[in-house]
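Novice: For reference, the chains in residue letters:
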Amino acid sequence: MATEVSTTPVVAAPRVRTRRPRPVPEGGRVNWGLTIIIAIVSLIVIIPLYFAIAMALKSPAQTSSTGFNFPWPIHWGNFRAAWDLTNTPLAFSMSLLITVIAVAGEIFVSALAAWAIVRNWHHWQFKATFVYLLAALFIPFPVVALPQVKLMASIGLANPFGVAILHIMFALAFNVLLFSAFIRSIPVELEEAARIDGCSTWQTFRKVLLPLLAPISATIGIFAFLQSWNDFMMPQLITANPKYQTLPVVQYLFQDQFTTNLNVAFASYLMALLPTLVAFLIAQRWVVSGIMRGSIK
Amino acid sequence: MTATALPSERTGTAARSRPGALGKVKKIFFPVAPTYLFMIIPAIVLFTFFIIYPAIQGMFWSFTNYVGYGTWHFVGLANYKAAFADPTIRDSYGFTLLFAVVACILTNAVAMAVALALNAKIKWRAGFRTVFFMPLVLSGLVVSYIFSFIIGNSVPIIATAIHFAPLESDILANQHTAWLGIVFVASWVAIPGAIIIFLAGLVSIQPEVYEAASIDGASTWKQFQRMTFPLLFPFFVINTILTFKNFLNVYDICVGLTNGGPGTATTSVAQTIFSGFFTGDYAYQMANAVIFFFITLLFAIFQLGVIRRRGGSL
Numbered sequence: 520m521a522t523e524v525s526t527t528p529v530v531a532a533p534r535v536r537t538r539r540p541r542p543v544p545e546g547g548r549v550n551w552g553l554t555i556i557i558a559i560v561s562l563i564v565i566i567p568l569y570f571a572i573a574m575a576l577k578s579p580a581q582t583s584s585t586g587f588n589f590p591w592p593i594h595w596g597n598f599r600a601a602w603d604l605t606n607t608p609l610a611f612s613m614s615l616l617i618t619v620i621a622v623a624g625e626i627f628v629s630a631l632a633a634w635a636i637v638r639n640w641h642h643w644q645f646k647a648t649f650v651y652l653l654a655a656l657f658i659p660f661p662v663v664a665l666p667q668v669k670l671m672a673s674i675g676l677a678n679p680f681g682v683a684i685l686h687i688m689f690a691l692a693f694n695v696l697l698f699s700a701f702i703r704s705i706p707v708e709l710e711e712a713a714r715i716d717g718c719s720t721w722q723t724f725r726k727v728l729l730p731l732l733a734p735i736s737a738t739i740g741i742f743a744f745l746q747s748w749n750d751f752m753m754p755q756l757i758t759a760n761p762k763y764q765t766l767p768v769v770q771y772l773f774q775d776q777f778t779t780n781l782n783v784a785f786a787s788y789l790m791a792l793l794p795t796l797v798a799f800l801i802a803q804r805w806v807v808s809g810i811m812r813g814s815i816k
Numbered sequence: 251m252t253a254t255a256l257p258s259e260r261t262g263t264a265a266r267s268r269p270g271a272l273g274k275v276k277k278i279f280f281p282v283a284p285t286y287l288f289m290i291i292p293a294i295v296l297f298t299f300f301i302i303y304p305a306i307q308g309m310f311w312s313f314t315n316y317v318g319y320g321t322w323h324f325v326g327l328a329n330y331k332a333a334f335a336d337p338t339i340r341d342s343y344g345f346t347l348l349f350a351v352v353a354c355i356l357t358n359a360v361a362m363a364v365a366l367a368l369n370a371k372i373k374w375r376a377g378f379r380t381v382f383f384m385p386l387v388l389s390g391l392v393v394s395y396i397f398s399f400i401i402g403n404s405v406p407i408i409a410t411a412i413h414f415a416p417l418e419s420d421i422l423a424n425q426h427t428a429w430l431g432i433v434f435v436a437s438w439v440a441i442p443g444a445i446i447i448f449l450a451g452l453v454s455i456q457p458e459v460y461e462a463a464s465i466d467g468a469s470t471w472k473q474f475q476r477m478t479f480p481l482l483f484p485f486f487v488i489n490t491i492l493t494f495k496n497f498l499n500v501y502d503i504c505v506g507l508t509n510g511g512p513g514t515a516t517t518s519v520a521q522t523i524f525s526g527f528f529t530g531d532y533a534y535q536m537a538n539a540v541i542f543f544f545i546t547l548l549f550a551i552f553q554l555g556v557i558r559r560r561g562g563s564l
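Chains as they are written, first to last, in this note's numbering: chain A, 520 to 816; chain B, 251 to 564.
Treat the hints with care, since some could be wrong.
[As the list claims (entries may be wrong)] Cβ-Cβ distance ranges computed for the label pairs, FRET-style: (1) S419(B) <-> I563(A): 19 to 29 Å; (2) P512(B) <-> A802(A): 52 to 62 Å; (3) A654(A) <-> T410(B): 47 to 57 Å; (4) Y460(B) <-> Q722(A): 45 to 55 Å; (5) S578(A) <-> V459(B): 56 to 66 Å; (6) P284(B) <-> I565(A): 50 to 60 Å; (7) I563(A) <-> I545(B): 27 to 37 Å; (8) L793(A) <-> D466(B): 28 to 38 Å; (9) F288(B) <-> P590(A): 24 to 34 Å; (10) M477(B) <-> I563(A): 20 to 30 Å; (11) P706(A) <-> L554(B): 21 to 31 Å.
[To be verified] With a straight-line Cα cutoff of 27 Å, these simulated DSS-like cross-link-like pairs (lysine-lysine) come out: (12) K669(A) <-> K472(B); (13) K646(A) <-> K762(A); (14) K669(A) <-> K762(A); (15) K371(B) <-> K472(B); (16) K669(A) <-> K495(B); (17) K373(B) <-> K495(B).
No lab work stands behind these hints: they were computed from the structure.
For each residue, glycine too, the CB sits at the ideal point set by N, CA and C.
Given the sequences, and given the hints that come with them, work out the whole structure.
Specialist: Listed below in structure tokens is the structure:
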């Protein structure tokens, strides 16, 4: 109950903050001591990222023994070399393909299932379906991996599409849980009104429910994005052809070739990390509030 | 009147039942409008086919001597007996549990401290939040590769220069200390998510509570001990559950940092199970997977029990 209340200010606060520069927190002085401590602690996050960037922008001759020296003059050639060596464009497309299917599929499939369950809750069949899904909430991928790999190969899905389908299915239980908690808070009268105006069940879902589900869909979309984009375990095991591997797996496959030129390796790491980092910096507000909503519900 | 006159699809309640046996069968299996069934049946069928069916299949193979192809016969509980006696498997559980517990404590402690600081009256609060959230979106494997170079190469050089003995040699190359490197990197990746959840908790605490406490003369430490921590406890539980579950399945960070080594010192349970593909121990590792499943389930039930007792909602 207490958690229910907490979500509102969390979501609303950043919106106010971005409109005008934030004044010094209400009533008090800035705590400079704490600011210095947190600045020092933040180095634990910043230093590895600086290190990766610095390494990627140096030639082997410029690299000092620790690798921490500042890259000057900047050496851009590593990115070109990494791009050609690891076939980055194809790996990037594969990651993107899996992520797009997983995000869209997770939102669509689980929203439909959750709606059908919540609105037919008085039928035991639907309650049983819900319990059936929840029972699978705690099956981790390693447990079912071995039979799953054989299954996917035998039906011709040992490829990125198969990986995307598995992402959708593994997340189904958790997503239906989140969606159904949210749908229960939507008054059924809205849907009844739409029906009286002549909407079919599909139209009610598309025109009334889906817009109302936007906040929780964003949460599920963000979780789906982070999981499928960064996942290494599943694509590595499911995808049979190394050509169609995702970015993290490609890093793994080329690890041996990188040892000859570490700077190229770091350029490649950086190219794998940058898209999500940039996306995060742009969409930070939604990511943070989305995760808060998802974890508290 | 309107409601009863509408076809069943519109109301979403029970279908018009026809008298007779056929009607009764229909009512049991298709109690609602077909549209709803189209929404849920494909999802359930695919879910059963892709998740439940392999799970049952795997459980079945664990009682056989199947190697992944060819003929097989039942061997009863032999795989399970062997798995319990196998030092490789025992070590992988030892490492994974030790790692998960230590990383879980570290993640929660650091995340709570950072969240408290990020919620206090500090300068550039939004900027610091962005910095601390960044690892959230990074791939664990790639981050591990970056750290494996820093820990293995740069840190020893710096430690030697400043005569800091514990880090003068590569801790990842030592089978007694390699797990500490994995704890560090896994926590580095997991802490931002935990910070976000703690911040959500801190925001929910009303400032009036602190004002009242200050007036009553409570020190900052007393305020944390008596108010902040108890009020944050539900979020602490959520974080423990989420991080612990992820840490038990640790795979990419072990692969990236040490590849399970030195020897098998940092081979996680997941990595051991996957080895069933390459070594022909298919049925044997399925038995391991079933054991792993029950351990995961045990923790889940235990954690849900804790939540229920605390009256929290999840």
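Novice: A separate judgement is required for each hint: does it hold in the structure or not?
Specialist: Quick rundown of the hints versus the structure:
Range check, S419(B) to I563(A): about 22 Å between beta-carbon atoms, so the 19 to 29 Å window is met. Between P512(B) and A802(A) the beta carbons are some 41 Å apart, a value that contradicts the proposed interval 52 to 62 Å. Roughly 54 Å separates the CB atoms of A654(A) and T410(B), a value that falls within the hinted 47 to 57 Å. As the Cβ distance of Y460(B) to Q722(A) is approximately 50 Å, the hint placing it in 45 to 55 Å holds.
For S578(A) paired with V459(B), a C-beta distance near 58 Å keeps the hint of 56 to 66 Å intact. The beta-carbon spacing between P284(B) and I565(A), approximately 57 Å, falls within the hinted interval of 50 to 60 Å. Separated by about 32 Å at the C-beta atoms, I563(A) and I545(B) satisfy the suggested range of 27 to 37 Å. Taking the beta carbon of each, L793(A) and D466(B) are about 51 Å apart, not inside 28 to 38 Å as hinted.
Distance hint check: the CB atoms of F288(B) and P590(A) are about 57 Å apart, inconsistent with the given range 24 to 34 Å. Distance hint check for M477(B) and I563(A): the Cβ-Cβ separation is about 29 Å, which falls inside the suggested range of 20 to 30 Å. For P706(A) paired with L554(B), a C-beta distance near 30 Å keeps the hint of 21 to 31 Å intact. For the hint pairing K669(A) with K472(B), the CA-to-CA distance comes to about 58 Å; that exceeds 27 Å, so the pair is violated.
A hinted pair counts as satisfied when its Cα atoms are at most 27 Å apart, and K646(A) with K762(A) does not qualify at roughly 44 Å. Of the pairs offered as hints, the one joining K669(A) and K762(A) holds, with about 19 Å between alpha carbons and a cut-off of 27 Å not exceeded. A distance of roughly 19 Å separates the Cα atoms of K371(B) and K472(B); the hinted pair therefore holds under the 27 Å criterion. Under the criterion of a C-alpha separation no larger than 27 Å, the hint pairing K669(A) with K495(B) is consistent with the structure, at around 26 Å.
Straight-line distance between C-alpha atoms of K373(B) and K495(B) comes to about 35 Å, which puts the hinted pair past the 27 Å bound.
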